[in-house]
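J.: For reference, the chains in residue letters:
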Amino acid sequence: MSETMQEASVQDIQERAAIDKSARLPVLFFFTSAAGWLFLATLLGFASSVKLAAPELWDACPWLAYGQLFPAHMDSLIYGWGMQAGFGVMIWLMARLCRVEIKNGVTLVAAGFVWNLTILFGVVAVWSGYGNSMPWLDFPAYLWPAMFLSYAVIAGSLLMMFRRRREGEAYISQKYIFGAALWFPWIFAVANLILNHTGGSALMNAGVNAWFMNNLIYFWFVPVGLASAYYIIPKIVGRPIYSYQLAQIAFWALAVLAGWTGFNRFLGGPFPSWMPAISGTAIILMLLPIGAVAVNLLGTISGRGSLMHFSPSLRFTVFGGIMFNLYGLLVAFSSYFDISRLLQFSYATLGYDIMVVYGFFSMVVFGAIYFIVPRITGCEWPSAKLIRFHFWYSSYGIITIVAFMIFAGLAQGGAIDDWSGDFMDSVRRGKGYIVALAVAWALISVANLAFYYQLLMMACGKGRKSEGPTLIHKNPGEAASAEAAAGFAPEDTAKA
Amino acid sequence: MDDKNSTESNLDYQGGRAAVRDGHDSVRREKPEPVAGGSNKVLISWVVGAGIVLVMAGGYLGGYSNFFDSSDSYIYPGYVAAARPVVEGVDTDAEQEPWIEVWMKDGKKVYTNCIACHQAAGTGTPGLFPPLKGSEWVDGGTERLGMIVLSGVLGPLNVSGSTYNQPMPAWGALNDEKLAQVLTYIRREFGELPEGQSGVVTKEMMKAAREKHGKRTSPWTEADLLAIPGDAELPGVEVDLNTGQPVAGE
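The listed protein sequences correspond, in order, to chains Y and F. FYI, in the working numbering the residues of the first sequence are 1 to 496. FYI, in the working numbering the residues of the second sequence are 1 to 250.
Source of the hints: derived by calculation from the structure; they are not laboratory data. Don't be surprised by glycine CBs; every beta carbon is placed ideally from N, CA and C. Take the hints with a grain of salt, since some may be wrong.
[Unchecked claim] Coverage of chain F stretches by chain Y, computed from C-beta distances (three or more under 8 Å per stretch; other residues unrestricted): (1) 31-41; (2) 54-62.
[To be verified] Over 10 Å on every C-beta distance to chain Y, these chain F residues come out as not near it, computed from the model: (3) Ala121; (4) Gly127; (5) Leu128; (6) Ile148; (7) Thr217; (8) Ser218; (9) Leu225; (10) Gln245; (11) Val247.
Here chain F stands alone, though its shape is the one from the complex:
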């Protein structure tokens, strides 16, 4: 610093606490302020990276946006907008959704577990996964059905005239409510129910099924299942489809 004397006198903070002359050299030692402009290197690696990012972003937008066409589609697979909750013991007025609709919507959510094999429309995959539509197992008694979902099926199984031989997983890990909902859903949605039946499976019925089923750990075979009478129903009271409450007079 050639001009040291004049610099120092100018650096004196007269009014301030700090006398620059007493060793305040932080200002002096620093480099000039950075200015705009300068190097224009645009790294090839950044450009390549930018290309990848653009492709990723395009794929992302295409994949998740559903092409902006519907306000009724959601990213969460199988998401169904929540139904208005039904308050127990409260009179359902006309505006409130009937209990069965809520129950079916929840059932549809649980059914996302089954779509991979039985398909959204319950048609199954020929030769591999049996259909639920038109299946005598679905239309028949609820006891067999409850047992099937609780511990799955292994070995050949005859469904509407064809034989299938793939394992059906056990769903006992789902709680009673969810299982009751999904069974109600497949019965009402895909089944052809006998006259006068609502197809509803209630939580109590599923609970009874679990008790009957006991601690069985192995999957069912066709023979075991056929040993259960085809019209055996799980015990449970009939419920009002609007309120979900037991039908009066019970």
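Just chain Y, with the same shape it has in the complex:
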């Protein structure tokens, strides 16, 4: 049993309870408001894909134009849900790992209010046609300083916690959170300053925009998601990361490589060839950290995979981890010109973005939320059935989106590549697949409604009050055999 962590001591338990209590207010605030945004974002995703499939629909209503629905959908998904849920996870993880209580909960909530108000303003502006059409940066130019400030307060608190940490050497998750906290202000300020305030050439602006999108993925979503996975998996499986050294190497590789990516989105574009070539090289080198994550994921859960049968946190996290690896492979593959000339600028790009923001990041964050919320509220998730529902509808939805967007991209790509062809031709070819996109968003919306409902119940203290976690499956027969498979004492499995 040398690989297995020891049982917690009494002091540990007291300390954790105190930390969780101090985290309750800010973390619940971020989770509940994020989940609300998520529900809105998925509804907008559904509406925008219906509109894309049937453009004549709702013609009289400009609020339902695709060009307004789609960016509103993406922005609420990224800033309303993604980043905000990430804040909650970062705060809780940082407090737990640094073993410090959160002293400025009210300040954090105030910053969160500013964030929510700004995003609300931005999404309404974009939705009503006042966006500036730069993907993921569509908000009117005067909003970004407010987002920047509220982010600075949140990141500042994270860094302060890190300074006060009681444990000497930082755990890998702490490093990722520390990194993400600092990287975002950099890319966000650079992109906004260039795009909104120094009107450069239109071509270069498109490049900067692509650079921002890729960096938001690799400098924010990936590190926060990995921080959570590297915490949740060892915690539930009950043994340390398979190779800590590889995890460290992967961290530094990510830190060095991420900033170079971005121009690979324009492989055949009118940029001097060395620019996309460098980005594509960085994307291929990303396979090093991604491979390390794969090794650690498999190594850490190997032999105990049956725990995924019970623990929602583990199941969501592992699904996200697999999606992350697939994403890395697909993107590396597409950075070869012969493939990207068929896929770039097509729906496939949307499929990739959704794959990393939803398939990886959001799923991992769901896993973390299922783990964290019972601890900070003191009650257990009301219904295992709804958790199952959330998992299956989300995963079917996300797999449908990714697969169909890649097919749509293949159907479209050749037509886009023909520079003198009719552009509408390429749109028509992708159209059939858009129906699947609409269905998938509908599935995901329903799944998230279940999630939102459960989360609100928990937040009002209406969860289950019994001993023992809410497990996905509780059939005693199944549980016993899975425990036997995992080589566990019965009591040990209760680690949801």
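Following the hints, complete the assembly by docking chain F onto the known chain Y.
T.: Below, chain F without anything else, positioned relative to chain Y:
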């Protein structure tokens, strides 16, 4: 849990909604926090994989970057930076590129279809693919030329003194504009045009060619082509090389 009593009293969230004593055991049941350090296994398979990735990345950079030497090279094969569009009916001022330059640049793009056989410089491959440079077919009347590209050639063909016998594919699937551009390109770039000829093939001329050509599905043979008079030109008005508009007085 031996020390259960003291643990529970300490776990009571006094102010909070949740009374830990009422079954809040999630904190108690969890394992200790993961810490830094620990196993240093570096899998051999990862190291091997990393080696492959490094080689791939090197090959990628070498293959696509063009060795960082020129800001005028692009990954897209045959990419030529777009010319400024010519607005119809607007006076071309000195700054605007003449229409013919734009037309030739577009022609050069279409010519990427032909490079594999006729080579970038139009020299062909001796014995296999005929040259376009110095070819009497290119220099001669536009009607024969239009027919050749619309449905290709099969069987022996005599080009500047040598006989070639490979199939020439049909390009009828390209639209009139593209075909007109590529023919203009090969005539002006590789051809030796008779005095006073501009070598331009316009979209109207290509359209006329398609009408003459009718619904022919089989490729041309040399005999069929020679039946077309060598100096037959496709009908079309002469255009001003600066504006692309019909020459005044027409």
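J.: Determine which of the earlier numbered hints do not hold for this structure and return their numbers in increasing order.
T.: none
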